[in-house]
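Enquirer: Protein sequences, first through last, are from chains A and B. Residue 1 is where the first sequence starts when you use the working numbering, and the numbers rise one by one after that. Residue 1001 is where the second sequence starts when you use the working numbering, and the numbers rise one by one after that.
No lab work stands behind these hints: they were computed from the structure. Where is the CB? At the ideal position from N, CA and C, for every residue including glycine. Mixed in with the good hints, there may be bad ones.
Computed cross-link-like contacts, DMTMM-like style, restricted to lysine to aspartate or glutamate with a CA-CA straight-line distance of at most 25 Å [what the hints assert, rightly or not]:
1) B/K1050 to A/E173
2) A/K248 to A/E173
3) A/K59 to A/D252
4) A/K83 to B/D1084
Derived Cβ-Cβ restraints for the label pairs, each shown as a range [unchecked claim]:
5) A/V265 to B/A1009: 39 to 47 Å
6) B/I1018 to A/I14: 33 to 41 Å
7) B/R1019 to A/R114: 44 to 52 Å
8) B/D1011 to A/G279: 48 to 56 Å
9) A/D48 to B/E1078: 33 to 41 Å
10) B/L1072 to A/A90: 37 to 45 Å
11) B/G1062 to A/P159: 34 to 42 Å
12) B/G1039 to A/G45: 37 to 45 Å
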Amino acid sequence: MHYVDPHIHMVSRITDDYETLARMGCVAVSEPAFWAGFDRRTVDGFRDYFRQITEVEPKRAANYGIAHYSWLCINAKEAEDVKLAREVIAAIPEFLDAANVLGIGEIGLNKNTRNEATVFMEQVELAIRHDETILIHTPHLADKLRGTRMIIDMLSDFPSLDRGRVVIDHVEEHTIRHALDAGYWAGMTLYPVTKCSPERACDLVELYGSERLLVNSAGDWGPSRPVAVPDFIVAMRARGHAEHLIEKVVLDNPLALFSRCRRYVPPTRVADRAGAAAGNARGVAASHRA
Amino acid sequence: MPHAPTQPAFDDQRFLAIRSLLVELAASLDRTERHASVGTASLTTDPRWKLVVAAIERLARGQGRAEDLQMLFSDPYEATWRRDGGPTLAGSPGCCGR
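Whole structure, please, built from the sequences with the hints as guidance.
Expert: Below, the structure is given as structure tokens:
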């Protein structure tokens, strides 16, 4: 089955992972900007990172016929330095017209602090000003419920915001209802120990339906499984769920969200373009997706 | 339920999976108590252990266990957080590099 991983940090993964994703049926990934494992010291450090996820990763992905989309922001963990955060926010528009950019993300909260909230609000304003879609990170473990509700509370300050262009990510049993009931997309992250498991994600599909629901791996430089979405597909099949239901969650839904971006082009065309830019003589392995 | 599975509700495979999880949980609890008994740690006063004990008690209740446990392990949300200056620093390890 073809699928999309709508949240994975490929800058942290080796090229073999791209090949594995392609073999598993992955046709597209989207890569939100995140924390590199250390705090960047200058706005130019972020510029280099934005170049990496708008220029370099699309070419790496295209070598395996995978379309690579990205989201730009300063993440919550580096938002404590509000001065630097504002410099980064001012620089983001330089990259917004890159062909693979879907919007602003993953903005959000980490420790639910005042500064994080300030930087979150300013990035929502940036997204609205530039008519961008938004991907939101919610905190972890004990902080998740509080942070998720704070985020939804802050978003209510923007009545003109189209909630169908916003995804609240990393939802679990106690936060999914808040995201969906408010009209947002909800992302379930299949991540060892601290997040959702494939079986629990199946439970949430059974309980809440498949509308506006996404599933992702959040594969990054920590313990994580870049093939977590195929794990979910296998778990759903084991329960006897219909192929069209599974495909809706892992393929149709993420592409429906992506299509709300004003620059959106379908995965085959993205990979074609990046492959051509990379001088990929093989071109894009689009035939298997036709 | 919007999407009901078509597989049997309770078969050998599911029984064995739950059995395995329960035995693993039991062994984890035994191990923790055993190790605590030879060290200086006091489980009875450890707030994390109290959460574990409360969570196990909730398992005996009916539907909604997973959400109940998530709420048990969550810091409370204060609707007045903006007026009160925001919550104090907490922070948990997780994904996306945190």
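Enquirer: So which hints don't hold here, by number, going up?
Expert: Hints that this structure does not satisfy do not exist here, as all of them hold.
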